[in-house]
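K.L.:
The lines below spell out each chain.
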Amino acid sequence: MDAENIININGNKISFEKDETILEVAKRNSIDIPVLCHLKGATTTGSCQVCVVEIDGSSDLVTSCSTKAEKGMNIKTESPKVVESRYNTIQKFLSSGNHNCAISRSDGSDWTSFQMNVQKDDQSKELCPVWGDCELQDLAYRYQVTANPLKHVPSELPMETANPFIVRDFSRCILCGKCVRACREIQVNDAIEFDNPESPTKIIASSDDKVLKDSDCVFCGECIQVCPVGALVEKDVRYKIRPRDTEKVRTTCSYCGVGCQMHLHVKDDKIVKVTGVEGAPPNYGSLCVKGRFGYNFIDSPERLTTPLIKENGEFREATWEEAFTHVADNFNRIKKDHGSDSIGVLTSARVSNEENYLANKFTRAVLKTNNIDHCARL
Amino acid sequence: MAGLAAAFGSGAMTNTIGDLEEADVILATGTNTTENHPVLSSFLKRAVKFNDAKIIVIDPRQIKLTDYADKWLRQNLGTDVAWINGLMHVIIKEDLHDKTFVENRTKGFEEVKKIVEKFTPEYVEEITGIPAQDLIDAARMYANAKAGCIVYCMGITQHVTGTDNVKSLANLAMLCGNMGIPGGGVNPLRGQNNVQGACDMGGLPNVYTGYQPVTNDDIRKKFEAKWGVSDLSPDVGLTVTAMVPMAHEGKVKAIYVIGENPLVSDPDLNHAKACFSHLDFLVVQDIFMTETAKIADVVLPSSCFAEKDGTFSNTERRVQRIRKAVNPPGKAKDDWKIICEISTKMGYSMAYESPEAIFREIADVTPSYAGLDYNRIDDIGLHWPCPTPDHPGTPILHTEQFPCGKGNFHDIDYIPPAEKTDEEYPMYLTTGRVIYHYHTGTMTRKSEGLNERSPESFVEISQNDASKYNVEDGSNVKVASRRGEITAKLKVSKIAVDGTVFIPFHFAEAAANTLTNAALDPVSKIPEYKVCAVTLSPAA
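Protein chains in written order, with our numbering: chain A, 1 to 378; chain B, 1 to 540.
Same shape as in the complex, but just chain A:
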């Protein structure tokens, strides 16, 4: 450890690497500094102001995401001054738009009239669609913040639902800009931006504020995954699924050869949502439109559910026992009458390694031919 490169966070001496920010040093040492707008791998903006910390000898608080660690810094992450600043920042967010988690109005002051208005905007009697899965709500709870009804700024912007995948609810957007950086710096689809980078009022698609479906958006959904609030939500998930009711199963995407790591969110034996696995190669959280939204085929009513045997040109349902016997008998017959090389197997670039291995073993060891291929050529 280089004795020079030491900072003090909350009374603990901690070493840092060159060019590391205070936030990065803290994260690496499991010191929790809350932040809403920070996005790994993208430009740091410090726009949300939640990650402020106090440094001895400095009169102003600094944003830890954009301040580099320097030798001898004495940092406090939860001082009264820091907590007060965070309280005010969070309250400002909560007081604008439709943040109708009960927490935001837990003092009950104007809850009824507020909720009635939000219900009208949402066309739903439910609480916020990301209730229980919202970073702003978590912070409000952590710092016991309620909205200030006197400062309430209602949202004038209508919700956008005119595409099959993404609901854009501007009333819940805190303009942190994470979605913009995800779109422009991670996926590089360059579909969305701030209307006015200096003092933004809206995230717009294309410079002339189109709806997503008429813009350059390709619906990768990276923006939904990074949104810390309920401004961007999957259309199929909104008000139907609460995260506490689902279980996450990690797997590998079954579309192209990139092999993105994904979580399947399961409720009642049904896949209801898909997210990318953060921090893991090869995709580091990113997915494409097929991976994120193309899962409906799994519980399609058109799935095959029973073995079928064709008789007189028509399929009839069969038991597995019948089907296995029928297949085995015919393969044995053809092998005997016409030789092993009169049978071929087309295995699949879609099934698992284990299944391809068995198809290879079956073809060579049982059918006794090397007539096996798959559609890599096609």
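Hints are supplied without guarantee of correctness; some may be wrong.
As the list claims (entries may be wrong) - Simulated restraints on C-beta separations:
no.	chain 1	residue 1	chain 2	residue 2	range
1	A	123	B	473	34 to 40 Å
2	A	29	B	95	32 to 38 Å
3	B	354	A	268	21 to 27 Å
4	B	403	A	332	35 to 41 Å
5	A	332	B	248	23 to 29 Å
What the hints assert, rightly or not - Far from chain A by the CB rule (all over 10 Å, computed), these chain B residues:
no.	residue
6	97
7	252
8	418
Since the hints were derived computationally from the structure, they do not count as laboratory data. If you're wondering where the values come from, they're calculated on a predicted model, not measured in any experiment. Idealized CB from N, CA, C, for every residue including glycine.
Let chain A serve as the given structure and place chain B on it in line with the hints.
P.N.:
Relative to the frame of chain A, chain B by itself:
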């Protein structure tokens, strides 16, 4: 993959996906990356936007990636060998090649030097339509890169000269010493989730798992001992593109299709249908009643990726887990269980307690997978070759030497596409995919959202051609080749190049492969999907 195997001794992406961001210069050809490999395309775009990398795109269509390109060369369809030889001509003539690498790591350079001599930029322009100066600029850009990487996909392989195209790209990479280094390499992008795995697992007529040849006596004896059988066939089997016509001749009597839909994906579909209908016995195992399942004698319902445990191997040779999240519908069963039951019924008992048990057997018989197990890949997958349990896997291939020792240069001459345009069929057709759909559409076309974004097939042509053939954007047009005809909606687009029609192949009701040519690459047996001659007219 045959081309890379011939050049290096192994056919797979030589570098990793993450490694693409390390390149100074990326040469991307025959890959519409933003539509077909969207997440991977973001690595390319980030390299350009944030790492000052340069991309050379060589593609007839004005694909999205051209927006990010420093150089976009628009070659005539099927002329890839010519421009690659042209690049090498310029590089050798200007003495930009890596002489140390060529000397120490390769053989056959002199023959290549000789063959590319005639591929002057002017001669290449005549064949490919690429302006001579653009070719020279691109050659300098790639050759002067510290790390230059080549990325390609089916636009390179789906030609009668597909193997030649790939060997030529391997020549180019070796010539500039771009092998075995971070940010370099020759990188084929795999179109389907487990194509790499299907190849690795012996889903090929000439090799067992890990590319162990069926013609090698010792290897065969090893498998006979491991599997407890005798008389494994020493003869290379039939490829899919040979198997199907042999059905027509009556030499192949039965086909067992697992999770494939050749009646949409095969070239010259009318002929393929005729072939399949000659079969004595057809078994199709799938998750849907596909076009192929409809003509089967027996259909076996299987489970999909979300309903079972196992592994996939991705395009960068990374072996990763899949895990069961939900139960399969009705009586549907995992493919591995179905194969076991059929085998056992036929008198060869196959009994495994789990996919993990099968994987242990794979590691036991496959040197490149020998060090892998489910524990090691539980969180982050590993890249084969991984020969021992303490081996960290191999992200970059060929750092010290090639599996075949020295890398093989191949002297390759240009051969034109199998089918030329003429008076009757004056336009070229090329096929491909769109971002919202996947292969034959079996899965994506069941998704309402994806269908809303991309509901139907289309015929994409340039504005000039629309005027020339007097057809209107949005109207129905008939496209015919010597093999068949289809009708679909016309889409006039700036992406299209004059003289060429593009049609996606996802849509069975207007199947592009009704038109395509079944002419095959003589080595890889890949059909020439990417070029055939067609005619266009307003639909009645």
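K.L.:
Does each hint hold? Answer for all of them.
P.N.:
Hint check results:
1. A:123 - B:473: 34 to 40 Å: The hinted range 34 to 40 Å holds for residue 123 of chain A and residue 473 of chain B, with Cβ atoms some 37 Å apart.
2. A:29 - B:95: 32 to 38 Å: 54 Å, violated
3. B:354 - A:268: 21 to 27 Å: 25 Å, holds
4. B:403 - A:332: 35 to 41 Å: Since the Cβ atoms of residue 403 of chain B and residue 332 of chain A sit about 40 Å apart, the hinted range of 35 to 41 Å holds.
5. A:332 - B:248: 23 to 29 Å: Holds: the Cβ-Cβ distance is about 24 Å, inside 23 to 29 Å.
6. 97: Check passes; 31 Å lies beyond 10 Å.
7. 252: The assertion about residue 252 of chain B is violated, with a minimum of 5 Å to chain A.
8. 418: Non-interface label stands for residue 418 of chain B: nearest chain A Cβ at 16 Å, farther than 10 Å.
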